[in-house]
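Using the sequences and the accompanying hints, generate a full structural model.
Each residue of the sequence shown is one higher than the last, beginning at 269 in the working numbering.
For the record, the hints were derived by calculation from the structure and aren't laboratory data. Predicted model only: the values in this text are computed from it and were never measured. Cβ coordinates follow ideal geometry from the N, Cα and C atoms, glycine included. There's no promise every hint is true.
What the hints assert, rightly or not - Okay, the calculated beta carbon distance ranges per label pair:
id : residue 1 : residue 2 : range
1  : ASP304    : LYS284    : 26 to 32 angstroms
2  : GLU300    : TYR279    : 16 to 22 angstroms
3  : GLU297    : PRO275    : 15 to 21 angstroms
4  : PRO275    : GLY296    : 24 to 30 angstroms
5  : LEU282    : ASP304    : 17 to 23 angstroms
6  : VAL276    : GLU297    : 16 to 22 angstroms
7  : LYS277    : GLU300    : 17 to 23 angstroms
8  : PRO275    : LYS295    : 18 to 24 angstroms
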Amino acid sequence: MGTQSSPVKSYDYLLKFLLVGDSDVGKGEILESLQDGSVESPYAYSSGK
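This is how it looks when you write it as structure tokens:
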């Protein structure tokens with residue numbers, strides 16, 4: 269049995285944070301978007317004009 273080594277990723281920074289809030293407000297969605305690297309927002313932006 270040979271040993272398998274996973275590729276080591278090099279990072280410039282390691283960030284740790286804590287998300288707190290009421291249930292069903294989107295904390296899980298924020299975490300998923302950070303993991304995926306996607307920046308899609310379910311909210312519409314308006315310029316206020």
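| field | Numbers of the earlier hints that this structure fails to satisfy, in rising order | value | 1, 3, 6, 8
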